[in-house]
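Protein chains in written order, with this note's numbering: chain A, 1 to 126; chain B, 127 to 331.
Bear in mind the hints are in silico, worked out from the structure with no lab data behind them.
Careful: at least some of the hints might be erroneous.
To be verified - Listed next, with one range per pair, are the computed distances between beta-carbon atoms:
1. L107/A <-> S239/B: 25 to 31 Å
2. S239/B <-> T109/A: 20 to 26 Å
3. R61/A <-> L238/B: 33 to 39 Å
4. A166/B <-> R91/A: 33 to 39 Å
To be verified - Simulated coverage check for chain A against chain B, where a stretch passes if three residues somewhere in it have a Cβ under 8 Å from a Cβ of chain B:
5. 49-59
6. 80-92
Every value quoted in this text rests on a predicted model; they were computed, and no experiment measured them.
All residues carry an ideal CB built from backbone N, CA and C; glycine is no exception.
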Amino acid sequence: MALPKPKQKGKAQHELKHESEPVAFDSDFWWVFALMCVAAAVAYWFVGPWFEDHFSVVKDRIGAGRPSLIVSAVSAMALLLAVWNARLVKRYDQALRIEVSPGLGRLLTGLVAVAVGMLIGRTIFT
Amino acid sequence: MSSATGVAPRPPSLGRRAADFYDQRARSPLSAVHFVLHFAIAGWVGFLGIQLFLSIQSTVPANCGIVGNYLPNWPLAAIGLFALFVGRYFGFFRGRQQFPQDPKESRFAGQLSMALVFLALTVIWFFEAMGTARVPANPTGSVTFEPITFYVRCAVFQDMASNDRGLLAGGLIATVCFLAGHWLWAWHPALRNDHPEEEEDATFT
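Given the sequences, and given the hints that come with them, work out the whole structure.
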């Protein structure tokens, strides 16, 4: 198994040339994923209590809106990344590589399909 | 940049640019079909949007708690599932050839479009949080916000109970599922050669 190529100094990840050799899977996915996790945690532990206090949510509904708030926060983070990506395209003519390895991609695709089917399909059609 | 005569050349007309764009993309009859249908989708979504806006005017919100015998509606579920797969494999019409990279301006506009999509999703999911938490919609708390699925079920009921017999609901479900399959779960035959090792794994020798 070949060792990963050392990163070039003085260049951001998005500025590196992505050559075709299968040495290492060069992707910006994981740090973007980490940002999403931070956004989700902030939404759950900080935005959630504020939301319930601000909108006078009744006691038996405390916590009910937090899953949706988490998705909202992750969408907001994706919005910021899309704006940043647009800036990268404008200035450097290159965007972030937000990709996962093919195996993980298949797994995530399947999980998303099942989640969408359970969360949306069941409530709408039954 | 100026020409040899010192006069800046006129930029190509919109029609010329559209024709060039078509020439770059449409290399076969199938990809020409793909090209035309892509533009037809935009018109279809606009048409459905107008129909939806007009139908909302005649909706009776008081009936939203009633779904009668209209749900569960398995034909609508089947339409949605079928449209999802049609959207996924719509890329078949595109062909297997590698296209030249989109111009920088086009990719920039694409990223801004994604930003708009995520802005809409942020607002929609915040509204969903208000619905699932039953946030009061009036000072007395007698009316609360509802989850988005409540309004979708209401729309299906209203449409099934009307003279349309679910035509608009079916069209909307099919369109949304088609777009989801095409954008979020697309089959890209042109990109299959990006992972040659994967192709080798799939070959029985």
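Hint by hint, here is what the structure shows:
In this structure the hint that L107/A and S239/B lie 25 to 31 Å apart at CB holds, the actual value being about 28 Å. Between S239/B and T109/A the beta carbon distance is about 22 Å. The supplied range of 20 to 26 Å therefore holds. Restraint check, R61/A to L238/B: a C-beta distance of roughly 37 Å satisfies the suggested window 33 to 39 Å. Distance hint check: the CB atoms of A166/B and R91/A are about 35 Å apart, consistent with the given range 33 to 39 Å.
Interface restraint, the segment 49-59 of chain A with chain B: holds (6 residues with C-beta to C-beta distance below 8 Å; minimum three). Coverage of the segment 80-92 of chain A by chain B holds. Counting CB-CB distances below 8 Å, 6 residues qualify, and the rule asks for three or more.
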